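Engineer: Note that the protein sequences, when read in sequence, are chains A and B.
Mapped onto the numbering used here, the consecutive letters of the first sequence carry residue numbers 19 to 349.
Mapped onto the numbering used here, the consecutive letters of the second sequence carry residue numbers 19 to 349.
Derived from the structure by calculation, the hints contain no laboratory data.
Careful: at least some of the hints might be erroneous.
[To be verified] Dumping the calculated DSSO-like pairs for lysine-lysine here, alpha-carbon to alpha-carbon at most 27 Å:
hint, chain 1, residue 1, chain 2, residue 2
1, A, 134, B, 273
2, A, 88, B, 94
3, B, 88, B, 153
4, B, 206, A, 94
5, B, 206, A, 96
6, A, 266, B, 153
7, A, 94, A, 134
8, A, 266, B, 273
9, A, 88, A, 48
10, B, 48, B, 96
11, B, 266, A, 206
12, B, 94, B, 134
13, B, 134, A, 153
14, B, 206, B, 216
15, A, 206, A, 216
16, B, 96, A, 88
17, A, 206, B, 273
18, B, 216, A, 273
19, A, 206, B, 88
20, A, 206, B, 153
21, B, 206, A, 273
22, B, 88, A, 216
23, A, 266, B, 266
24, A, 153, B, 153
25, A, 96, A, 134
26, A, 273, B, 266
For clarity, every value in this text was computed on a predicted model and none was experimentally measured.
2 protein chains.
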Amino acid sequence: MRVAVDAMGGDHAPREQVAGSLLALSRDPKLEIMLVGRQADLEAELSTQGASMDRLELVFATDVIGMNEKPVEALKSKPDSSIGRAVLLVRGGHAEGLIAAGSTGAAVAAAGFGLKRLEGVRRPGIAVPMPALNKSGVCLLIDAGANPSCRPHHLEQYGVMGANYFREIFECASPRVAVVSIGEEEAKGNELTREATKLLRQGELNFVGNIEGRGLFGGDCEVAVADGFVGNIILKASQGCAEMILGKIHQRIGKEQPELMRELFGMTDYAEFGGAPLLGVDGHVMICHGRSDRRAIANAIRACTRAVQQNVKESIVAGLARTAARGASSA
Amino acid sequence: MRVAVDAMGGDHAPREQVAGSLLALSRDPKLEIMLVGRQADLEAELSTQGASMDRLELVFATDVIGMNEKPVEALKSKPDSSIGRAVLLVRGGHAEGLIAAGSTGAAVAAAGFGLKRLEGVRRPGIAVPMPALNKSGVCLLIDAGANPSCRPHHLEQYGVMGANYFREIFECASPRVAVVSIGEEEAKGNELTREATKLLRQGELNFVGNIEGRGLFGGDCEVAVADGFVGNIILKASQGCAEMILGKIHQRIGKEQPELMRELFGMTDYAEFGGAPLLGVDGHVMICHGRSDRRAIANAIRACTRAVQQNVKESIVAGLARTAARGASSA
Numbered sequence: 019m020r021v022a023v024d025a026m027g028g029d030h031a032p033r034e035q036v037a038g039s040l041l042a043l044s045r046d047p048k049l050e051i052m053l054v055g056r057q058a059d060l061e062a063e064l065s066t067q068g069a070s071m072d073r074l075e076l077v078f079a080t081d082v083i084g085m086n087e088k089p090v091e092a093l094k095s096k097p098d099s100s101i102g103r104a105v106l107l108v109r110g111g112h113a114e115g116l117i118a119a120g121s122t123g124a125a126v127a128a129a130g131f132g133l134k135r136l137e138g139v140r141r142p143g144i145a146v147p148m149p150a151l152n153k154s155g156v157c158l159l160i161d162a163g164a165n166p167s168c169r170p171h172h173l174e175q176y177g178v179m180g181a182n183y184f185r186e187i188f189e190c191a192s193p194r195v196a197v198v199s200i201g202e203e204e205a206k207g208n209e210l211t212r213e214a215t216k217l218l219r220q221g222e223l224n225f226v227g228n229i230e231g232r233g234l235f236g237g238d239c240e241v242a243v244a245d246g247f248v249g250n251i252i253l254k255a256s257q258g259c260a261e262m263i264l265g266k267i268h269q270r271i272g273k274e275q276p277e278l279m280r281e282l283f284g285m286t287d288y289a290e291f292g293g294a295p296l297l298g299v300d301g302h303v304m305i306c307h308g309r310s311d312r313r314a315i316a317n318a319i320r321a322c323t324r325a326v327q328q329n330v331k332e333s334i335v336a337g338l339a340r341t342a343a344r345g346a347s348s349a
Numbered sequence: 019m020r021v022a023v024d025a026m027g028g029d030h031a032p033r034e035q036v037a038g039s040l041l042a043l044s045r046d047p048k049l050e051i052m053l054v055g056r057q058a059d060l061e062a063e064l065s066t067q068g069a070s071m072d073r074l075e076l077v078f079a080t081d082v083i084g085m086n087e088k089p090v091e092a093l094k095s096k097p098d099s100s101i102g103r104a105v106l107l108v109r110g111g112h113a114e115g116l117i118a119a120g121s122t123g124a125a126v127a128a129a130g131f132g133l134k135r136l137e138g139v140r141r142p143g144i145a146v147p148m149p150a151l152n153k154s155g156v157c158l159l160i161d162a163g164a165n166p167s168c169r170p171h172h173l174e175q176y177g178v179m180g181a182n183y184f185r186e187i188f189e190c191a192s193p194r195v196a197v198v199s200i201g202e203e204e205a206k207g208n209e210l211t212r213e214a215t216k217l218l219r220q221g222e223l224n225f226v227g228n229i230e231g232r233g234l235f236g237g238d239c240e241v242a243v244a245d246g247f248v249g250n251i252i253l254k255a256s257q258g259c260a261e262m263i264l265g266k267i268h269q270r271i272g273k274e275q276p277e278l279m280r281e282l283f284g285m286t287d288y289a290e291f292g293g294a295p296l297l298g299v300d301g302h303v304m305i306c307h308g309r310s311d312r313r314a315i316a317n318a319i320r321a322c323t324r325a326v327q328q329n330v331k332e333s334i335v336a337g338l339a340r341t342a343a344r345g346a347s348s349a
């Protein structure tokens, strides 16, 4: 099992990317990692961290795409970027997945251009594990921003892809799937959610209808489907809300209650759950927060290897094929 | 100054509605209140609370619309509902505003059918004060659900209405207005946000461009504009997120830190800010959370009277007229 890590992407790159890779290697004796980045940076960091090169390969790329660059333009003007090179490793079969903690836009664009879609997939989607009060402790929100303008069939596919990922990764036999809307009645919402709800209701998923934004955290489902515009806004708004509350708490009791603070920050830290997979491309692309530390990187690597072992790609392709067959027979 | 209170609407009605009205009367010697509801319920509650009838008038309505009824159907089948009757009091000039803590949908529908729109208004919008890390401590989110399918001109008007309300109620000379989108670059987002951004940029407001969901809580603006679908989801998702975090904290330190808990719950409780005005109708309609207690009801009454005193309706009409004149001259 080989995973490529964009060692240059993220607020603390390459330090945490290298340390997280070493941590993952120490946990999993069958794992091999390809660290992708600038030669000088990688060699300096490895020497500082005193790493042995056992099961670790360096792949050099001369460029780095910054967080504030426009993804598509940056990929064109920097043909040898670390994220672009990592995608090529997956495309060429040298690695089965990749870990990207740099610009999300650049990772999505690079994977979109560089990797095939899985058979039957209309649009890839970012699936972000969010904290939730359900049994698993997590609700997968898909799409969180890859596809801001969705059609009903895209949402239907997000339901299928999200449910298959959730089942295999979070060990839940029959994840409940819902469409995020306003009000739980099916007549509520907009045309997109109403049409998507109809499609999902006809399918094989454990579809529970519409949920409000509240039900996502409240534990009313395991997979919450939204278009990429709404999903991204949910993600960012809840991060902002959590940060505001935790900031206030930290100010007041941070010193006396360091353990509680760690627990709270952990609960709202989606890195804890192993990063967000870009579902629908032919390769296991895990998108991590820019702030990711070594633990977050190591968790993302573990989620990536688990997705490979559990045949998530194959489950998704099979699920989509059944969905398409049903659509064709009912049409 | 006379305000109508739907005494039957809300989880703790009529108790908290009556108590909140009495509290508001004790604070403001010029205030008069019309309590609207079932005769037996109102008289029993007033007798329990030992209220004098000074500056308090009872208006009887035989029906109540429940939280789970379909708004439009319920208004038709219950022609003498408390919310419908309260709207008629405003329409007839007997009260200048009304306080509604029952079904939001019923309040919006009743006001939409029963009250004229202010001159120039295309669609009324619900403006919800959210906690934020800006100087005022509050960001007004408009629309939070009155109008799920918006056009660019609706968002432009929400900016104008929200800015005028914010300026007068939260005492901020030049509130920053932003459109909620994904990414701050203007090219990001969807067609609706891109078009609305163009319109708002040409106008007289202190328009600061796009914000992400995070910037809303982070204090990047005072007025956050979104269509009613997205706005409602932001509202509910952030409530759900806050409840999840506060629940966890309460479990762990609620007993030792009662004061901190009160502070945290207060910070995330939008009732604290005096309810959410339905902007754009000819009358000051304040929508409160179903859970509102007497303090929340009294705060909403105060916000309502302040909106009357500060001539918010007139400011909105003037602002929209300038916007329309500019649109016509540039067209």
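Engineer: All the hints need checking, so say for each whether the structure fits it.
Structural biologist: Structure-based check of each hint:
In summary, the hint linking residue 134 of chain A to residue 273 of chain B is not supported, as the alpha carbons are separated by about 55 Å, beyond the 27 Å threshold. Pair hint residue 88 of chain A plus residue 94 of chain B does not hold up; C-alpha atoms about 53 Å apart against a cutoff of 27 Å. For the given pair, residue 88 of chain B sits about 39 Å from residue 153 of chain B by alpha-carbon distance, which is inconsistent with the 27 Å threshold. In summary, the hint linking residue 206 of chain B to residue 94 of chain A is supported, as the alpha carbons are separated by about 19 Å, within the 27 Å threshold.
Of the supplied pair hints, the one linking residue 206 of chain B and residue 96 of chain A holds, its CA atoms being roughly 22 Å apart against a limit of 27 Å. For the suggested pair residue 266 of chain A and residue 153 of chain B, the alpha carbons sit about 15 Å apart, so the restraint of at most 27 Å is met. Taking the CA atoms of residue 94 of chain A and residue 134 of chain A, the gap is about 19 Å. The hint holds against a cut of 27 Å. The suggested pairing of residue 266 of chain A with residue 273 of chain B holds, with an alpha-carbon distance near 18 Å, which does not exceed 27 Å.
Pair hint residue 88 of chain A plus residue 48 of chain A does not hold up; C-alpha atoms about 37 Å apart against a cutoff of 27 Å. In summary, the hint linking residue 48 of chain B to residue 96 of chain B is not supported, as the alpha carbons are separated by about 33 Å, beyond the 27 Å threshold. Distance check on the hinted pair: residue 266 of chain B and residue 206 of chain A sit about 31 Å apart at the alpha-carbon level, beyond 27 Å; violated. Between residue 94 of chain B and residue 134 of chain B the alpha-carbon distance is near 19 Å, which keeps this suggested pair within the 27 Å criterion.
The straight-line distance between the Cα atoms of residue 134 of chain B and residue 153 of chain A is roughly 49 Å, outside the 27 Å bound, and the hint therefore fails. Taken as a hint, the residue 206 of chain B and residue 216 of chain B pair is honoured in the structure, with Cα atoms around 13 Å apart against an allowance of 27 Å. For the given pair, residue 206 of chain A sits about 13 Å from residue 216 of chain A by alpha-carbon distance, which is consistent with the 27 Å threshold. Of the supplied pair hints, the one linking residue 96 of chain B and residue 88 of chain A is violated, its CA atoms being roughly 56 Å apart against a limit of 27 Å.
Between the alpha carbons of residue 206 of chain A and residue 273 of chain B the distance comes to roughly 40 Å, so the proposed pair goes past 27 Å and is violated. Between the alpha carbons of residue 216 of chain B and residue 273 of chain A the distance comes to roughly 47 Å, so the proposed pair goes past 27 Å and is violated. Restraint check for residue 206 of chain A and residue 88 of chain B: satisfied, since their Cα atoms lie roughly 10 Å apart, inside the 27 Å limit. With a C-alpha separation of about 36 Å, the suggested pair residue 206 of chain A and residue 153 of chain B falls outside the 27 Å cut-off, and the hint is violated.
Restraint check: the Cα-Cα separation between residue 206 of chain B and residue 273 of chain A comes to about 40 Å, which exceeds 27 Å; the hinted pair is violated. This hinted pair checks out: residue 88 of chain B and residue 216 of chain A have alpha carbons roughly 21 Å apart, not beyond 27 Å. Among the hinted pairs, residue 266 of chain A with residue 266 of chain B is consistent with the structure: their alpha-carbon atoms are about 15 Å apart, no more than 27 Å. Between the alpha carbons of residue 153 of chain A and residue 153 of chain B the distance comes to roughly 39 Å, so the proposed pair goes past 27 Å and is violated.
About 21 Å separates the Cα atoms of residue 96 of chain A and residue 134 of chain A, which keeps this hinted pair within 27 Å; it holds. A C-alpha spacing of about 18 Å is found between residue 273 of chain A and residue 266 of chain B, which places the hinted pair at or below 27 Å, so the restraint holds.
Of the hints listed earlier, those the structure fails to meet are numbers 1, 2, 3, 9, 10, 11, 13, 16, 17, 18, 20, 21, 24, in rising order.
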